[in-house]
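Peer 1: Please model the entire structure based on the sequences and the hints provided.
Same order as they appear, the protein sequences are chains C and W. This note's numbering puts the last residue of the first sequence at 111; the count rises by one with no breaks. This note's numbering puts the last residue of the second sequence at 113; the count rises by one with no breaks.
No wet-lab data here; the hints were simulated from the structure. Careful: at least some of the hints might be erroneous.
Claimed, not checked - Chain W regions said to be covered by chain C (calculated; three or more residues, Cβ under 8 Å):
no.	segment
1	44 to 55
2	99 to 105
Unchecked claim - From the derived model, a few chain C residues whose C-beta atoms are all more than 10 Å from chain W:
no.	residue
3	18
4	98
5	100
Stated by the list, open to error - Label pairs and their calculated CB-CB ranges:
no.	chain 1	residue 1	chain 2	residue 2	range
6	W	41	C	22	40 to 46 Å
7	C	1	W	8	40 to 46 Å
8	W	13	C	83	40 to 46 Å
9	W	39	C	7	18 to 24 Å
Backbone N, C-alpha and C define an ideal beta-carbon position, used for all residues, glycine too.
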Amino acid sequence: DSGVTQTPKHLITATGQRVTLRCSPRSGDLSVYWYQQSLDQGLQFLIQYYNGEERAKGNILERFSAQQFPDLHSELNLSSLELGDSALYFCASSVLGDTQYFGPGTRLTVL
Amino acid sequence: DAKTTQPTSMDCAEGRAANLPCNHSTISGNEYVYWYRQIHSQGPQYIIHGLKNNETNEMASLIITEDRKSSTLILPHATLRDTAVYYCIVRVFFGGSQGNLIFGKGTKLSVKP
Numbered sequence: 001d002s003g004v005t006q007t008p009k010h011l012i013t014a015t016g017q018r019v020t021l022r023c024s025p026r027s028g029d030l031s032v033y034w035y036q037q038s039l040d041q042g043l044q045f046l047i048q049y050y051n052g053e054e055r056a057k058g059n060i061l062e063r064f065s066a067q068q069f070p071d072l073h074s075e076l077n078l079s080s081l082e083l084g085d086s087a088l089y090f091c092a093s094s095v096l097g098d099t100q101y102f103g104p105g106t107r108l109t110v111l
Numbered sequence: 001d002a003k004t005t006q007p008t009s010m011d012c013a014e015g016r017a018a019n020l021p022c023n024h025s026t027i028s029g030n031e032y033v034y035w036y037r038q039i040h041s042q043g044p045q046y047i048i049h050g051l052k053n054n055e056t057n058e059m060a061s062l063i064i065t066e067d068r069k070s071s072t073l074i075l076p077h078a079t080l081r082d083t084a085v086y087y088c089i090v091r092v093f094f095g096g097s098q099g100n101l102i103f104g105k106g107t108k109l110s111v112k113p
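Peer 2: In structure tokens form, the structure reads like this:
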């Protein structure tokens, strides 16, 4: 158990819909990272937040957004969902920018 | 693109040492070598990291060559539960804007009875 929690574990929705994935970092960690893992793209970095502020962006679509709240939990919002958005979404956390610890992931299925 | 090169797959007999190689010939002086593994579709699990000295923890040992252009992850007594995809990643320690991990395809390790 890494200490990072993610909810929900599974999410099934339809194209065009909007979903929110939630991540709670390890106690004391200030940085949160989001990654997407699809069958054809592997694990890809989406976005990083540090103490509430966006720190880095990767291959995140404009339909996707994230935020980190004062209690340091983070949410990843995915809108206008397409079939290709079906993937595993992982959250990771670290104290500053050092070793990242990953959560168990949310499996999103878009039908 | 990932800065590392790993074999696509490897087999190991249960109870034997598993030695997973990684090439990172373009590594910079301030970049560490990190190893993670992913068991089936679980979240990636941190294993170990190092800069230039060999490192050991309860999970594995990391051997880094003197020129730092390659490394080997050693699982001393592999078990069936070590079957996973192993990722070798190079990155700066306190990443800041470079803090994200860049995953390649990794090595699929199959531990066989």
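Peer 1: Run the structure past the numbered hints and jot down the numbers of the failing ones, going up.
Peer 2: Numbers 4, 5, 6, 7, in rising order.
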